[in-house]
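J.: If you want the building blocks of each chain, they are given just below.
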Amino acid sequence: MNIQDFLLMRHELVLVLIALLLLIIDLGLKPANKRRILPVAIVLFLLHTLLGFFPNDEGVLFGGMFHSSPLILMMKNVLNIGVFIILLQSYGWLIKEDNKEKMSEFFVLLFSTLIGMYFMISAGDFLMFYLGLETASIPLAALSAYVHHRTKSAEAGVKFILSSALSSGILLFGLSMIYGTTGSIYFTEVALRITENPLQVLGLIFFISGMAFKISLVPFHLWTADVYEGAPTSVTSYFSVISKGAASFMLMLVLYKVFSTILPVWQQILYALSIITMLIGNLFALRQNNMKRFLAFSSIAQAGFILLGIMVGSKLGMTSVIYFVLVYIFSNLGAFGVVIAIENATGKVNMSDYNNLYKTNPKLTLLMMLALFSLAGIPPVAGFFGKFFLFTSAASAGFYWLVLIAVLNATISLYYYLLVVKAMFINKSEEPIPYFKSDWVTRTGLVLSAIGIFILGFWSQIYEWITRLSVGIL
Amino acid sequence: MNILSFFVIIPVLTVVAIGYTKTMHQTRVAAAIGMGIQLLLAALLVFLYLGERGAGNTAEMLFTYDALWFPSLNIHYYLGVDGISVAMIALTGIVVFAGIFASWEVEYLSREFFISLILLASGVFGFFISLDLFTMFLFYEIAVIPMYLLIGIWGSGPKEYSAMKLTLMLMGGSALIMVGLFGIYFYSAPEGQQLTWNLQEIAKNRIPVEMQRFLFPFTFIGFGVLGALFPFHTWSPDGHASAPTAVSMLHAGVLMKLGGYGAFRVAIYLMPDAAQEQAWIFLILTAISVVYGAFGAIVQKDLKYINAYSSVSHCGLVLFAILMLNQTAFNGAIIQMISHGLMTALFFALIGMIYGRTHTRIIHEMGGLMKVIPFLSVVYVIAGLASLGLPGLSGFVAEMTIFIGAYQHDDTFHRILTIMATASIVITAVYILRVVGILLLGPIKNDHYTHLTDAKWYERISTITLVVAIAAIGIAPLWLSDMINISLEPIMQKLATATSSFRSIF
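Chains as they are written, first to last, in the numbering used here: chain B, 1 to 474; chain V, 1 to 506.
It is worth saying that the hints were derived from the structure and are not from the lab. Check the hints yourself; a few may be wrong.
[What the hints assert, rightly or not] With a cut-off of at most 27 Å between alpha-carbon atoms, the simulated DSS-like pairs for lysine-lysine come out as follows: (1) B:Lys-363 <-> B:Lys-102; (2) V:Lys-22 <-> B:Lys-359; (3) V:Lys-22 <-> V:Lys-456; (4) V:Lys-165 <-> V:Lys-301; (5) B:Lys-100 <-> B:Lys-152; (6) B:Lys-363 <-> B:Lys-96; (7) V:Lys-456 <-> B:Lys-422; (8) B:Lys-257 <-> B:Lys-348; (9) B:Lys-363 <-> V:Lys-22; (10) B:Lys-30 <-> B:Lys-102; (11) B:Lys-100 <-> B:Lys-437; (12) V:Lys-494 <-> V:Lys-301; (13) V:Lys-165 <-> B:Lys-359; (14) B:Lys-428 <-> B:Lys-96; (15) B:Lys-428 <-> V:Lys-22; (16) B:Lys-428 <-> B:Lys-315; (17) V:Lys-445 <-> V:Lys-371; (18) V:Lys-204 <-> V:Lys-494; (19) B:Lys-428 <-> V:Lys-165; (20) V:Lys-371 <-> B:Lys-422; (21) B:Lys-100 <-> B:Lys-422; (22) B:Lys-422 <-> B:Lys-363; (23) V:Lys-301 <-> V:Lys-371; (24) B:Lys-437 <-> V:Lys-22.
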């Protein structure tokens, strides 16, 4: 391997180094000073994120198992930005006494899943793809059970690992069918031999089902609400944006690269999936009181929207999906950031606790409102642009009825987002959450997501940048 | 910098300034100054516009400003005005200015109130100046959403229910619009050419008739929801009744006009074939709106509900006129929008002021107010007379023009509907005079009312501004209808290209 090859997989290598470095530093720290790992980890990750933006060439490693391109680099960068904000927002929680002993584990586990996602996105064959997927999933189960003395957290870990194993099994079964019929696991070779052969279509269905678990599409979403509720909130926000985003990218890449010849087949599958996902996600979100469960169902509904862009199969579709995920990361992290901050300060996570929050914590409330409006797709915040472009791409393929269903669903989603707004602004409360001030790191995280929510829409260069790098099915 | 951009910049600056104010007094003064400047700007725009036209400028849109925003989707920030939008901007300027003074006494969270109100106004102004469908839609939604907070926080009665109903129905409408816009965009240019969101460019192209048939209902109903098209009008009475005074003014006065304007500018202008073919369906619906709204107003006891139903009736008349598809009726529709905007704003302002004194809106609990608050009562009578179409006030000009336009169709179908709609004038007279009789005349029913004080200075500013505008249109309608008429030319030319002709089941 020469230096060029190293550069191709620099995201992975650097992050592995950081994870190892953190473990070593942690070994050297006295028990009383364990907290010092925290700023080190955040600063290192910031450097890693910034480093990721240096342009890179296209290239292939390990005989086609691993490949990199500006598009893939951009996807990784999008994920990095999200993870960085999550780290900032988790600061207030990590610094707590309970977590002192296992702080480095949090980072190592988190970075491991991220490395898995990198490998998954960069995969050039199904083996690397599967390795990446598993590397991404297993540490997540450990992270869900991070607060091991809380039953719900442990339950979340077990639930996640079981459903994850099941979905991996289904996925592998599908992949084996594809291998059996095409005789190859390399994306480029498989792509040439994919036809509407029933066994291959079955393989495709199993593959999509497996990925649907990760993205939590209905009817494979049943783990989502429980895991989201049980896991520590910082981990939940990781689940809802990074894990979901990476899996959506991967689903899109594989469908575009490998199954491009049978576009109409998976278009039909995704068409049906997206409709039920939006509908069920929205309907269940209507009656949630726990904010984490609420955001879980809202994120299921959002995943339904993402499918709209994926199924288009054009450059426009890919652009809108990446852009939507980027916007979604900022909006959802804005909402989760507020939930985390309030949970840290008071331990409350129910919507009814948020009553009259505006009176005591106006800034947090405004951020929450902006984030929710962004999730609902209300201008002038970025979510409007994300949704609008996503629907534009779906309309470009002539899916007008689907777009109609989607926009009507966006209206339903507005109802429950407004319920939170109503709680914060209108409902009266006997004992509202008292005024509190988070530490400056957490606040930086909140401000970053607020800035993202505001400028991502108006600043058209970002969308154009994604457009330049996106590709469609040729 | 282009003059039109200021219509968005000034409200935003005002909002920022209000954010820095400390006391309630500072807040409202800042709001008043900001919107005062906006009103002056609107007046300036009217003069500049008339000056340009007088100098012989025949371009379809004046003061255009074009900046590329999203190159890959060809989205522009494209501004421009014609006579119709100038008139609507002037209307908005007046109503917002009056609205600020009508809400002078909002105490609870006054800063947030004025911020939401002015944000809403910025959306309305933005909508009227944009000629790019994307930016138009963006501003449209900006104008809708602050409504939720405005009604939910500062409203009265079942405010949470009304606010949610209103927001969801309007957003449902904008969902339909969105589908329509996507269709328009993807058929905005002939095969192989650059697609565009630019309204004028799209108008040069002819959208395939089959697509028009599919897209027209989405677009028209979508905008129609905001224009209170039967049976999608139900948000309007509840919303208006629960909203605080200035919000009712702005909403009935201006926001509902977004619906009519959008239906006209987007649906009719860009899809003339489908408009010709499908007009009959919507004509029936709007005729129902007109008559049903008027009858609804007769049986109501609450002043705000009466006015909300009368708004359904009058806004129905706007859509009714638009669907007549001839120049006279179009002209009438635009004048009706402005006239109704002014008088309904005046009504809601007065209702708010009366409610602030008597603490009831039920007409039977009041009586003889003319004796104790003569100023407000006289203004109420003026508004009522304008509403029932008394010559010399704006309502007469608008309704006359509409019915003359409607009568130009000589088939039975149009005649029947026109006669039905004309009957609404009589019904309007019934409910207006009924209210005037019970509320203002007769004996004073409640002793407390003898201590009521008449309008304060800020209330006088608010009402006089509106009365002057109503009278100005009524006395000298020609400058307004001339201004509109020139701008109707391109739309009439586009309509003439339609190959489909009017069809109906009859």
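J.: All hints, please: hold or fail.
T.: We went through each hint and held it up to the structure:
Straight-line distance between C-alpha atoms of Lys-363 (chain B) and Lys-102 (chain B) comes to about 32 Å, which puts the hinted pair past the 27 Å bound. Of the supplied pair hints, the one linking Lys-22 (chain V) and Lys-359 (chain B) holds, its CA atoms being roughly 16 Å apart against a limit of 27 Å. About 24 Å separates the Cα atoms of Lys-22 (chain V) and Lys-456 (chain V), which keeps this hinted pair within 27 Å; it holds. For the hint linking Lys-165 (chain V) to Lys-301 (chain V), the alpha-carbon distance of about 22 Å falls within 27 Å, and the restraint holds.
Proposed proximity of Lys-100 (chain B) and Lys-152 (chain B) is supported: the alpha carbons are some 21 Å apart, at most 27 Å. Note on Lys-363 (chain B) and Lys-96 (chain B): the hinted pairing holds, with a Cα-Cα distance of about 24 Å set against a maximum of 27 Å. For the suggested pair Lys-456 (chain V) and Lys-422 (chain B), the alpha carbons sit about 34 Å apart, so the restraint of at most 27 Å is broken. For a cut-off of 27 Å, the pair hint linking Lys-257 (chain B) to Lys-348 (chain B) is broken: about 45 Å separates their Cα positions.
Distance hint between Lys-363 (chain B) and Lys-22 (chain V) is fulfilled; the C-alpha atoms sit about 17 Å from each other, no more than 27 Å. Our distance criterion of 27 Å between C-alpha atoms is met by Lys-30 (chain B) and Lys-102 (chain B), whose separation comes to about 13 Å. With a CA separation close to 22 Å, the supplied pair Lys-100 (chain B) and Lys-437 (chain B) stays within the 27 Å bound. With a CA separation close to 46 Å, the supplied pair Lys-494 (chain V) and Lys-301 (chain V) exceeds the 27 Å bound.
This hinted pair checks out: Lys-165 (chain V) and Lys-359 (chain B) have alpha carbons roughly 25 Å apart, not beyond 27 Å. Of the pairs offered as hints, the one joining Lys-428 (chain B) and Lys-96 (chain B) is violated, with about 32 Å between alpha carbons and a cut-off of 27 Å exceeded. For a cut-off of 27 Å, the pair hint linking Lys-428 (chain B) to Lys-22 (chain V) stands: about 24 Å separates their Cα positions. A distance of roughly 49 Å separates the Cα atoms of Lys-428 (chain B) and Lys-315 (chain B); the hinted pair therefore is violated under the 27 Å criterion.
For the hint linking Lys-445 (chain V) to Lys-371 (chain V), the alpha-carbon distance of about 12 Å falls within 27 Å, and the restraint holds. As the CA atoms of Lys-204 (chain V) and Lys-494 (chain V) are separated by approximately 8 Å, the hinted pair is consistent with the 27 Å bound. For the proposed pair Lys-428 (chain B) and Lys-165 (chain V), the alpha carbon gap of about 21 Å is at most 27 Å, so the pair holds. Note on Lys-371 (chain V) and Lys-422 (chain B): the hinted pairing is violated, with a Cα-Cα distance of about 42 Å set against a maximum of 27 Å.
About 38 Å separates the Cα atoms of Lys-100 (chain B) and Lys-422 (chain B), which puts this hinted pair outside 27 Å; it is violated. Restraint check for Lys-422 (chain B) and Lys-363 (chain B): the C-alpha separation of about 16 Å stays at or below 27 Å, so the hint holds. The hinted pair formed by Lys-301 (chain V) and Lys-371 (chain V) meets the criterion: a straight-line CA distance of about 22 Å does not exceed 27 Å. Proximity of Lys-437 (chain B) to Lys-22 (chain V) is assessed by CA-CA distance (about 22 Å); at most 27 Å being required, the pair is judged to hold.
Of the numbered hints listed earlier, those contradicted by the structure are 1, 7, 8, 12, 14, 16, 20 and 21.
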